[in-house]
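These protein sequence lines map, in sequence, to chains A and B. Counting along the first sequence from 1, when you hit position 145 you're at 145 in our numbering, and nothing is skipped either side. Remember, our numbering sits 1000 above the position in the second sequence when you count from 1.
One or more of the hints may lead you astray.
One-sided and incomplete, this derived list gives chain B residues near chain A with beta-carbon spacing under 10 Å [stated by the list, open to error]:
#1 A1162
#2 V1166
#3 R1295
#4 A1355
Just so you know, these hints were derived from the structure itself, not from any lab. Even for Gly, the Cβ is constructed at its ideal location relative to N, Cα and C.
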Amino acid sequence: MQDVMKFLLVEDNARVSDFVAKGLGEAGHTVDRADNGRDGLFLASSERYDAMILDRMLPGGIDGLGIIEALRRTGNHTPILILSALSEVDERIRGLRAGGDDYLAKPFAFGELMARLDALVRRTQQGAGEQQKTALTVDELRMDLLARKVVRGDKTIQLQPREFKLLEFLMRHAGQVVTRTMLLENVWDYHFDPQTNVIDVHISKLRQKIDSDFDKPLLHTVRGVGYRLGPDT
Amino acid sequence: MLRLLRSTSVRLTLVFAGLFIIASLMLGAILWWETAASLERETDAVIVADTQAVGDRLRDFGLAGALTTINERVAQTADEHAVYLLTDPALNRLAGNLSAWPAAVGKDTGWYEASLVRDGHTYPARLFHVSLSGGFQLLIGRDMGSRLAIRHLIVNALAWSALVAVALAIAGGLLVRRAVLGRIAQVNRTTTAIVQGDLSRRLTVGGSDDEFTRLARTINEMLAQIELLIDGVRNASNAIAHDLRTPLAELRARLEDTERRLAGGAADAPTLRGEVQDAIDDVDRLVDIFNALLRLAAIDSGARRAEFRRVELAPLVEEVAEVYGALAEAKGARLIVNTPEQIAITGDSDLVAQATANLLDNAIKYAAGGPITLSLHRQPDGQAAITVADAGPGVPENERGKVIERFRRGDASRHSPGVGLGLSEVAAVAKLHGGALELGDNAPGLKATLVLGGADAALPHANGASKSAA
């Protein structure tokens, strides 16, 4: 679904590292691997990557945060996803403050990791221009961000404000898999962890509105991972 | 000795005794100055005045005047044992009550102390020798016998009182030491018992409001807090042992079963895939429990209080309602949202949202089918409150304390899915915000009220409205 991307994976746990590298390889991407901070920093500063996946705690004298800070100081702005067993809110904030772009707590599903990497790379490639667009189009679905109107084909779709925000996020990430946590983090203002899967209900309501009268569904469920908006592939 | 001095109690005793003795000595000195010394000064002044008077008479009226004065004085002071003697330059007696110039008084003028004899008795006398014009020698003095007796009495009294003072100082020091040491020893005994594991021990708090009582009270509060935290840790470990073991046991059984079937060659790929997927779901559930536990620990530690900001509750409640509205509707429950008033608190918005979500989640889980009311309002005492009322089975009054305990679920709902930490988390969030979680009867159903402290003063809500979530 995407071009071939090149990733750097710095992770000292061999099994997790194998698992991630294998998954990325199967998705058609290339991966450079390091199992300690020193080698990781060397690779990170000498090669060009689409994104880097760094473990937070690493042997080799320099940890994940250290690598990020060192890279950012030298003007390297490659998107970085932090992996960590430390999932507390403070740790997440520290990671992002050091210059990381996203944070994923262990254990994680590979689908979640891939979806977040896709989103990171896409965001970097699109740059600021995409954010300032006034209209989004996915297949025959069009969203006017100024008039706050959504049309599929020639049918106007009435959406409530939150549904509009949800669809906007999906359309900005059209073709990519978007996970439930990504939706929770980006579409709603307060960050809490619903014990029941409330996102599914919102998606099915949205699906009702944009897909029910059409032959070709646009909003797909990706089993065990999340959702994808776009024409069938 | 040095080690002894390092003991606070010994030092305290010594300081007390030292100060007491110094105070007693100063008191004694003042007494001495005001009594014995004052008597002597007075006597000296009288004697000097007498010599001046005789000198004046001699100058004004000649020898006859001086002799008359001396004879008058001798007569006036007959009972005071005063001594008067006027001689010519060769020390031959001219007038006075001494028969001859005393051997103890020399030619030099000035003060003398001498023993004189009168009527066969020897007595001590203080004498002043002056040389008058014309070479006349004048000796005036007083019998010091009675004054010495008074002086002796005072010295004796002072010596005795000094002795008593030292004794009192030592006794007082020991008393102070015992009082202080006793309290400290009690603190010591109690804390030692606590170190050995008996956390229920408390210091006895006296009735008086002195420093020790306040110290004891502070220590007791600290102990209560520690006991609470340790209980929390103990509960958490028990909870982990119980609630993590169960899903772990399931997971293990599932994996072992799969392995056995694989070994027997009796499993096809789709079945296997389904089982592995189930195993992954088990792990995810375990991670959820784990995250809930970590969140609880983080809330309990109070560290998030540092991140407190102003939180508008109405939009927060409305958003949580919106997230859950669709779910409630899908489960056939009608969610009624009531935010008639704009209330802001100082708090952690994500935690309050999480707590509200937990309450809604519970209501939808256990009481779907009936209406659920989510409302934001002010308690009579001005505190902010978020209430979730359902028409479900409710919680019997005697169970209400228990469902808030960690890893408990009401018996009626044992078989519903859920981590069972939801209400504990709400209670912890409430406590962090200086409030409480109150469970009441909605007749029928449960009425859970999350009371939050630190609310702003009341302000009218701009577009106060009661509405049903879509």
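**Message:** When the structure is checked against the list of hints, which entries are broken? Sort them ascending.
**Reply:** 1, 2
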